[in-house]
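Peer 1: Residue numbers (the numbering used here), protein chains in the order written: chain W, 23 to 482; chain G, 23 to 482.
Please note: incorrect hints may appear among the correct ones.
Same chains, same label: a pair holds when it works inside one copy or across any pair of copies.
[To be verified] Calculated lysine-lysine pairs in the DSSO-like style (CA-CA distance at most 30 Å, straight line):
| no. | residue 1 | residue 2 |
| --- | --- | --- |
| 1 | K43 | K385 |
| 2 | K427 | K385 |
| 3 | K359 | K427 |
| 4 | K100 | K434 |
Hints were generated in silico from the structure; no laboratory data involved.
Predicted, not measured: the structure shown is a model, and the values here were computed from it.
2 protein chains.
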Amino acid sequence: MEFFFKPRGIALVGASSNPNKGGNSILTNLVRGFKGPIYPVNPRYDEIGGLACYPSVLDVPDPVDLAIVFVGAEMTLKAVRECAQRGLRGVMIQSAGFAESGQQGRQLQAELQAIRRDTGLRLWGPNCMGLVDGVNRQVFSFVSPSIWDEGLVPGRVSLVVQSGMLSAGFLIDIMTHGTMGISKACSIGNKVDVDECDLLQYLVEDPDTGCIGMYLESIADGRRFLDICRRCDKPIVVLKGGKSKKGAAAALSHTASIAGNRAVVSGALAQAGVIEAQGFMQLIDLSRTLAVYPEIKVKNRPPRIAVLTFSGGAGIVSSDFIERHGLELADLGAAAKNDLQEVFPEWMPVSNPVDLWPAIERKGPDVAWGRAFNAVFADPGVDAVFFHVFVGGFSGSYELSSIAKIAQAGNKPVFGWLLGKQTEAHSFMMRASEAGIPVFREIPRAVECMAAALKRKKGL
Amino acid sequence: MEFFFKPRGIALVGASSNPNKGGNSILTNLVRGFKGPIYPVNPRYDEIGGLACYPSVLDVPDPVDLAIVFVGAEMTLKAVRECAQRGLRGVMIQSAGFAESGQQGRQLQAELQAIRRDTGLRLWGPNCMGLVDGVNRQVFSFVSPSIWDEGLVPGRVSLVVQSGMLSAGFLIDIMTHGTMGISKACSIGNKVDVDECDLLQYLVEDPDTGCIGMYLESIADGRRFLDICRRCDKPIVVLKGGKSKKGAAAALSHTASIAGNRAVVSGALAQAGVIEAQGFMQLIDLSRTLAVYPEIKVKNRPPRIAVLTFSGGAGIVSSDFIERHGLELADLGAAAKNDLQEVFPEWMPVSNPVDLWPAIERKGPDVAWGRAFNAVFADPGVDAVFFHVFVGGFSGSYELSSIAKIAQAGNKPVFGWLLGKQTEAHSFMMRASEAGIPVFREIPRAVECMAAALKRKKGL
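Only chain W is shown next, with the shape it has when bound in the complex:
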C-alpha cells in the first residue's frame, strides 16, 4: 500500500489545462505538494503548465508507480489496462459512473475487478476523492486547490471516508474552524479493490497516525475488519451510515454498499474496542480527543473530574452529564480547597464544580484561573479537568500551551468548553487545537468525548 501514500512518481491520466475541470485541480494539487516527478497524461496536449504531457501512460518514463485516473467512466478501463501494462503498482480511480450508477456502471466496475484479478494492480476507488495528507503535505485529489490556502493543518487523526464530496467539505470545514488538523484523509468510494481493511491496516502501522476515524457505508470483510480493530492499540472511531432501512437503500445507490444490520454491527464494533459515532461532527470530536489522549492510565474506579467554570449553571449541567456518562465529580482535597479559598471571597465555600466568577471578580482572571488550574492539577483525587471558558469580556489570558504541558506531564487530561464572541471563539479554537487541548462548543459533547478517552480499555 506504500505506493499509494509515498509514490516515487505519479502519472495523471485525464490531466487538463482547464481550471474548471477536476483534471486540472488534481494537477495543481500535485504540483503544489508532491516532491517526486509528475507526468500529466492527455493526448490533446504537449505540455500543461510547463510539465511535459504524455499521450498515454505507456509513454511515461521512470520513476513511476502510481497513476491517478480522472477520465469518463467508459474511458477508464483502457487507461487502467495500460497502467498494468506499464508496470505501475497502484491506480487511484477518481472518476464516477460505476456501480453506483446503474447496470452499465456495474458492468464497468466488474471489469475493473477482473483487471485487478488478472494483473495484480491495486485499485483505489472508483467514485472517490483520493488522498489528502496534512503531515506530508500531499493532495492526490480533485478537491479544490483552495484547500492549500484555507490551511492544510497537520494533525494526528487519519480519516477513512466512504464518500467523496463529504470528505472534501468535511476537511475544509474542520481545518478552517480550528476543530482539528489531519494526518491522512482517505476517500475510498466504491472499493472495487482497496477497502477499509487495507487502509485501516496501513494506518494502524503509520507512525503519523494517532487515531483513526472512519465513515463507512459498508464493511466488506467484517471478520478481517474486527480482527484488525481488536489487535490495534490506537483508538478507532467508526460512524456506520445506512443503519436505517431507507438509509441502507440510499447507501446502495451511493456507493453500491450493502449496509448490514444495525444492532449486529454496533455490537460487534463495541466488542472489538471500536468507539461508535452517530454523526459526522461527533466522529471528528471523538477522533480528535482520542488522538490527544490515546493512552490514559485508568484507575480501577470511575474517573474523577474537577470542573472549573465561570458559570454556576454550566457547572450544574456539566455535573448532570458527568454522572450520566459514568464519570464522577472529584471531591477536592484539603490542600486544593485551601489554595482556592485564598482567592475566593469568604462567604463562598469552595466546592466542585468550582465556580470561579467570585474569585475572578476579586483577584482578576489570571490569578483566579492560574490558582485553580494549579490546585486541581496537584490534587491526587482529580483524574481530569474540565474547564469552561468565555472568551471576550471576562476571560484570563489563558496560556494554553503551558496548561497542555502540565496536563500531559501529570497524565491529567484537560478538556475545555467554549462560549464567546465569534471572532475570539474561533481564534481560541485554533490556538487550543494547536496546543493539543480538546475544546468543544457543547457541554454534552465535551463530556461524551471525555468519557470516551477516560474509560477506554485499550492502549494501556
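Take the given structure of chain W and dock chain G to it, following the hints.
Peer 2: Leaving out everything else, chain G in the frame of chain W:
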C-alpha cells in the same frame, strides 16, 4: 410585570463612574438604549457622565417606577426599603451575596422576602444579570456594553435563564455566531419574588415573543408552571439543570434551588407539551427552530422529508436520523422526478435523498439547486425539505430569502445543514438566521429540531 420591561423611568442604585465596575456598565447600557429618564443614585457623586446623580432613591423625581440595585449585599436592604418608600413598583437586584452564599446571605434574602410581603414591591433577583431586550433595544444589566457593538440581534425567541454569567456569555455567543437573535433574555437568579412562572406568563402574552426557552435549576411552583405551559400555544423549551445528585447539590449552592427528581420533572414537562432540552446549545437550537415554525399543520401520519444534498454520505446519515426520530423519507412523485431527471445525468436515477452532485457538475449549482427546490416544494408528497450546503468551493448562490418565502407560503418548512470554510460558513449562518431558515452544523441536531417542529401537537 410591565414596569420591569417597559418602565417609565429607572433609578440606578450603585451607579459608578469607574468603567471597571458593574455599576458603570449598567449605566452605560441604560444610556445606550433606554428612552425614558435615567436617575443614577450614589451619594458620592453629583453627576455621572452628564446625568444628575442622587444621594438616595428617595430624592429621585418622577417619572420612575423601576430601580436597578447593584450595591454590596449588606447595603441592599436599605436601598430596597427606600425604593418601597419612594413608591416604586419593581426592583431588579443584580447584586450577589444572598442565599447562594451561606448563612448570612440566607438571612439577607429572608429580609428581602419580608420587604416584598410587607410593601407589595416586586423584586427581581438577587444574584442575577437582569434583562436584555433585542427587539426594543434595552439592556438592564451589568453585561459588558460591548454587547451593543457585537450585534444585539433582534429575534423571536425569549429566554429565561437561572444563571447570570451564563446568560451573558450565551447571548454574545449565539448572536455573534449567527445562531439566532433574541427578543427578551431574562436572568432571574435567586428568585426571591419574581420567578419563572411570572416571566413565563408575561412572555406567553408578549407579542414580540414567538418561542420561550428556559434554563431552570428549580421550578418553585410546579403546578402553576405546568398550568401555564399546558394553556400556552407558543412553543416552550426547557433545560432543567441539577437532575443528577451532584448536579442538584451544585444547584443548591449556585442559586439556592431545590432541583427535584429527574424522571418526575421530565414526565410532567412532556405531559404539559413542553419540549425538553439536555444541553445549552440544544436549548437554543430547538428554540430558534420552533420560533420559525411555531404552527405547522401536521397531517395524520409521519411527516415526510425530502433531502437535497451534495453528498451521498450525508444523505445516508440523514436518512438514518430521519427514521430514528419518527419521520419518513418522502417518496418523490413522478412530476418531481421528471423535473429533476432533466438536470441529472441519464445514468443517475433520481431518488430521495437527492444527491445533487452529478447535476451540479452537469448544469452548475444555480440550475441544479433551483430545479431541486422547486421540484420538492411543488411535490404534494413532501412535507418538509432538508437541504445540505457546502459553502466555498461548489455551492450555488443560494437565495435564502426567496427559499424562505416559498417555504413559508407553502407551509413547507425548510431546514439546512452547513459545512464549509469558516468565514463563509459564518456569513451563511448570519444570512440564514436573518432570512428565517434554521441551519445547523450537525445532522443529528438538525433532524432532532425538525422532528420537534413537525411533530409538535400544540399551537394548531
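Peer 1: Starting from the hint list further up, note which numbers the structure goes against and sort them upward.
Peer 2: 4
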